[in-house]
Amino acid sequence: MKPLFRLPIRRKLHQELEDEFAFHLDMRVSELMARGWTQEAARAEARRRFGDIDDARAFCEKTDHRLGKRLMRTEFLTELRQDIGYAFRSLRRAPGFTLVATLTLALGIGATTAIFSVVRGIVLRPLPYLEPDRLALLAAVYEGDNEPYLSPANAYDWRSRNRSFSSMAIVEGHTAILTGAGDPERIRGYNVDADYFRILGVEPIIGRLVFTPEEAAWQGNKAVVLSEVMWRTRFGSDPTLIGRQITLDNERYRVVGVAPAERGWPGNSMVWYPFTIDPARLADGRGAWYVNLIGRLKPGVTLASAKEDLRTIGLQLEKEYPDANTGLGATAVPLHEWITGDLKRPLFVLLGGVAFVLLIACANVANLLLVRGVAREGELAVRTALGAGRGRLVRQLATESMVLSLIGAAGGLLFAVLATSLLVKAAPASIPRLSAIHTDGAVLLFAFGVSTVTGLLFGLLPARLVVRRDLACTIRESGRSGGRRAGGARVRRLLIVGEVALAVMLLSGAGLLIRSFDRLVRVDPGFRTEGSVSFALSLPDAKFPTREHQAAFVASMMERLRSIPGVQAAGTALGMPLTAFSWNFNFAIAGRPPLQPSQQPTAEIRVATPGYFATMGMPIVAGRGFTEADRAGGQKVMIISEAAALRFFPGENPLGRYITSSWSRGDATLEGEVIGVVGDAKQSSLATATLPQFWAPYDQWPVTSFNVVLHSARELQSVVADARRVIKELDSELALAQVKTLDTVLAESVAQPRFYMILLSAFAGVALLLSAIGIYGVIAYLVGQRTREIGIRVALGASRQRVAGLIVREGIALTSAGLVLGVLGALAVTRLMGALLFDVAPTDPVTFVAVAMLLAAVGVGASFIPALRAAQVDPAMTMRAE
Amino acid sequence: MPKSPADLLYGTLNLLVLKSLSWKPMHGYAISNWLHERSRGAFDVDDAALYKALHRLEELGAVGSEWGLTENNRKAKYYRLAPAGRRLLKDERTVWNTYALTVSRILKTT
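Chains as they are written, first to last, in my numbering: chain A, 956 to 1837; chain B, 593 to 702.
Looking at chain B on its own, in the form it has when it is part of the complex (with noise of 0.2 angstroms):
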């Protein structure tokens, strides 16, 4: 039984991903302070673990990314949704979802 938010956000962590980049393509640095900020600091993701995920999704063609500048003239490796991520994204929150509703049914009638 996960025992923190942060623990159950692991295995979520692709659906987040996937729905920051829903916005607009982000670079990684942004992307985890997006996290950060949405979870009102609940979910302090371990950067490595946002990287991985991120090279995963790409291997798997959810996302794609190019090399970009960012407002300060840097570069910066810039990921956006391929739309096989849109579709696993829907999907995905679907499941998420009613995975959501059943526990919280569960817990209510307890």
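So here's chain A without its partners, still in its complex pose (with noise of 0.2 angstroms):
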């Protein structure tokens, strides 16, 4: 079990027998001899009377060796057991340091512990499905960027082509409005294939969830799957419920099956219907991208060669439909990847950086153990003395330090317990799996490893430097204060340099997130946020089935919301700024030459009602607005958005040219004459550029889902109420959904990088605090080695000042040599920041500045005390005290 000692009991044990043996036969040969037998005959009968010597031998070193063995371990467990008892024995008579030390370890070690969960729950752990490593997103390649979105008839083809995948199924967002149980509640839901559970690997809870092909079938029965969560709110988990219909959108659907919660895909999913579409249409939808494809490998199948695959049946379709899919590729994505790909980053940052935390917290209890070793040195000698070997001595010194590791990990897991559910209660929604971080297992395993290579790292170090030091010497030297330790403050500056350090990178990184978080606010989000509310609704098709029922609809509910006391202003729209919503159109422009679909210029398409630009508090720049003489019937009109007159006119008016495209929906084709420019709003984020825009009046092109926005002095929540009175009293059966102020919107928009920024910031924050207390506890130690010293030069005439700017420029060097360290640290690792920063150069020199003038400022404040202190100093009792 301990091989470092095993070669040497070893071959002790064989010389002992050897000993005996020889003893023994000499022995025989003397008592022969005495008998009167020359020697050599002596020797010879007594080999004979011995017999086998050899297989004695290779028996009695069999059992020697197990022998010895197991007095080994019981002696290193009763050591053990010693050692265990003395540390805390030692630990209880010094409360203060052992206070410390285990509340600095507790910290480090919790922190580290509850970001660790965070990124088990979310990167590590795989999805909870049947080999989730086998699963994929089916991804196109366009203009070089994965797009998760693909025209059915494209995946129909890829699905039937490739010959990798054992399945795939097709995955699309589909919101409805359930009626009929308690009060109507618009509800995410997804269509999906038949098989789209069975290729995830998901057993119902009860029922079933495949989907029978008269389900599947276009208009065939109408069937849904309801998630745990949906069947346990709302249907109090009745278990008669299968076979049961509820109403969904106005229609009747049998309910089939409830599959469990945290394993239904996507997570925000209350229902999944059969995807289905009409045949007849498929054929001239292939330029409509619309839904996601996922596909489980077939049995040994890499996920390279079927990459490969997929381009060949991508290239394949860019030749059989040039119109639609010319520049369009095929590729598969891990799925686990699609989902937390964008997060892998800023975790492992925070991870990163709250290592570094913990590296500091060890350096501080390395630096506590030091000076607490140099107080023990007189118990160690007399130890050494009493006959403990060195490397006993640096066992039980380090057994010492894991005691006090380990109880700082128990604390450590208290509190990153409690930091975990209150990291998980304050991420922002947007981030996935926050319901997978459990402190499981592993985690538990990590805090325990953690700890473990936490104690060695801040224990072995003190252990061996105070064993190392000549034990006699201390002896002989402990009556005595003054001895210079030229060793053990070395290695104590040391650490403070590697402390500081390692500080001046966390606040890099943290300043770089603070800055890049100012930058990212301060852009103009292009509408006005303040005074104003949003919520979304949708018009079921069975209630509302043709175009002039929706516009109907929106015309009155919009007179009746202006009509609201308070509203100064109400519009609706298709695709709010700061979301996700991106519905592209690819369109031509009258009077230029004519371009195959596939090469025509595309453009984010949206959707407006008059007065829904001023409500925004967007500009209309050139033109007008749409307005209420801006109907089905009239001239057709777009406004487009600055951004798009740019991209699309430079140099030229774009007002009163005509924009047509393929896209109609009966009678309808999505065309106009642009009336206006409006100014750009951002879309899906802050930080990314606006991409160009056009828009069409509701009444032109309605649309069953929508956002309604309130502009009003009143208090935002009453409004909402009114509004929600109103809607009621013209459809009982409709539902609001992600009511929202647009200032929530905004916040919610940032509230990724404003958490990691947080997150950051506190560890920083927390490294800053170690770090000065390590420093002060240094220059302290050093002016308590230099009393004497210090006593000489004041009693030579040293001023006070003097002396106490010694000891300042002491704490100053400290923090400069780990500034200057820390600093190229910082440079070496903020690149790799680079794709969590906006507008901010990982080495931006504002930043490096200000960390470097705050670290300054924290290292003379931290040996300003000491330094006091020192000035203090009474040159005639230092030399008394000698």
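One thing to keep in mind: the hints can contain errors.
Below, computed lysine to aspartate or glutamate pairings styled on EDC-like, alpha-carbon distance capped at 16 angstroms [claimed, not checked]:
#1 Lys1253(A) / Asp1088(A)
#2 Lys967(A) / Glu658(B)
#3 Lys1017(A) / Glu650(B)
#4 Lys667(B) / Asp974(A)
#5 Lys1253(A) / Asp1264(A)
Honestly, the hints are just simulated from the structure, not real lab data.
Because the structure is a prediction, the values reported are computed rather than measured.
Using the supplied hints, reconstruct the complex from the two chains, each of which is provided in its own coordinate frame.
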């Protein structure tokens, strides 16, 4: 069990056995010779009587070795028990030290463990599906980027032509209104292929998750699978629900099964419907991308070969359908990577940051141990004198560190559990898999591992240093306190320099995130947020089957909303700013040479009612906005964004130009004369560039899902309450969803960067505090060591300022060395943060200068108190103390 | 069936070694001589077998050992009876006596 000691022990046992046999033979020979045998004959006789000596040697060596091992093990355990008992006693004797050290460690280990449990839950933990690493998201490759949305026609072709996936299933977002079970509620759902859950490998809680062919057919039997959350909250976990019907979008659907929570994908889904499409319309919709496709790799097929397979299919389809597919490739991304890919970097940056905090905590505890070690040199010397070997002493000190670290770990784990649940609560809802974060076995193991490494890290170095000193010398000089211990002091200084360097790196990272966040929130979103609230509404197709129905409803709803007292403006639009909404269309500009559809320019297309731009505070910079006159039967019109004017009409006047597209619904086509240019509003986030947008008037291109925005000087909650009432009067089965003030929308759009910034800043703050404590501790120690020297200097006429300056200079020297190292390290490390930064270079000089100044101030501050104490040294007292 | 006392002895060597040590601690050579004398030369035990028995008993914890000096100032490994060995000796002796008694009774009746 201890290979280090094995060899000498084996050799010792062998030697002893040889000695024992030699003694026996010698005695026998002497006895025989005393009886008159010749030496030679006596030897032969002795050997004869001994019998098979080699057999005896082999046998005895084996038994001795077993015995030796057992004895060593018992001895080791006894010593360990002694050491642990001793450690506890000596820690109890120094309660101040123990408290500070364990708190520091608990903080470091706890914070690290908490962040690790987040990283594990989100990134490291496999998806909760059967063989999750065999699942992939199939994506198009368009202009070099992976595009997760496909047209159903392409998706079907990929599915039928590939030879790499055992199955594939389409997933398409679908919101619905649930009625007839309490208040109407707008819920998130997905249309999925019949064997979708079979691909994921998810088993039902009750019923079945796979749709029958009758259910999966176009206009077939209507069926749904419910999520466990919905089943429990809306239907009271009723097991007899299976086979019964519920009302979604005013139509009756038979419930066929319930899917377990946390295992449905996408995670926010409440219901799953069969995905169906009118076979007659499949072919001409190849250019409309709106479904996702997931697949399970065949056994033995690698992702790389599957990608190659898909690439070939992409090329084939490009040739076969040049209109829709030119420039469109096909590839696959592991599902896990697709879900968590964007989070890996920020989370690992946080984990790195918190590891720095832990290292700094280790350095501080190592320093404390060194100071304590010096105080205990006398005690250790006595133990050595009483026969304890150096190895034994190191082991005892290491045991003490381990005990300390394990106590720290216990506290840290408690802290981690609290911190983790706080983190999960505080984390932006846009982070996926938050519910997968638990303090599980892996997290416990991690905490234990971290504390072991920590214990060794901060414990072994001081232990070796303390023991290495000439202990006899210690006893001799233990009466005196003046002897300067260069070795320990150097190590201590190095620890501080390292600690400061780490703190600088952390502060730089945090500083960059703060600067970046500051830049981000200064970005003009392009719309007014104050005093505005929005909500989403969808109109069930069954109840509002035609465009006329939809337009009529919206017109009367807008009229009533505007008449709510205090509402200054109201508007409705498809596609709110700062949401992930993205609807693209390709178009042609009349009067320009015609292009193939796949070569045509594309832009975002959105829909708005008259008054929407005014409500949002989006300025009309040229031409006019939509009016009530822009009706379904009238002249077709469009408004374009500034970015669109710049991109598609550079140096031209876009007003009066005519836009056409192949998009049509029934007898309506998406086209119109450009009548105005509206200011840009940020789309997916403040950080991303604004894409060109085209707007159609709602009356000419009605949609069934949209957002309503109200602007009012009144308190917004009561405005929403009024709006809810007004809409209920119009139709009691409609449900308002995503009710949010625009201030909230704006805040949520920066919630993730804010979260990372706050966390990393917190780590940096803790690092700064720990470093300040560390610097203070070392300077104070050095002052203590130099009391005599200082006394002499004062006696020789040095002024108190001079003495204080001497000490502060020491602090500045340590801090500067750490600063230089830290800045170099930070320059190397912050490059990894590039993707997290907005409009700030990873080498941003402002950040680095600020960090340097902050640390210099902390360094001076932390050495100031010991310096003052040094200045008060009474020369007469120090001399006498000698 | 054992043909000579020596063969029979092999199985009961442990018992005899323990018995020898019940007087005082002894080194291997002394035990060898003790056995020779006590059996009046009848059991000429293989020394190799003796040492194997000693080391095995030590591993079992029945005997302990330490290095000491002989009267002639030579270093030798002394064995002593451990408490576990004393118990073992008592048990083995009972077994042996019962066995010997039974065997001799059977032999008498024949």
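Violated hints - listed by number, lowest first: The structure breaks none of the hints.
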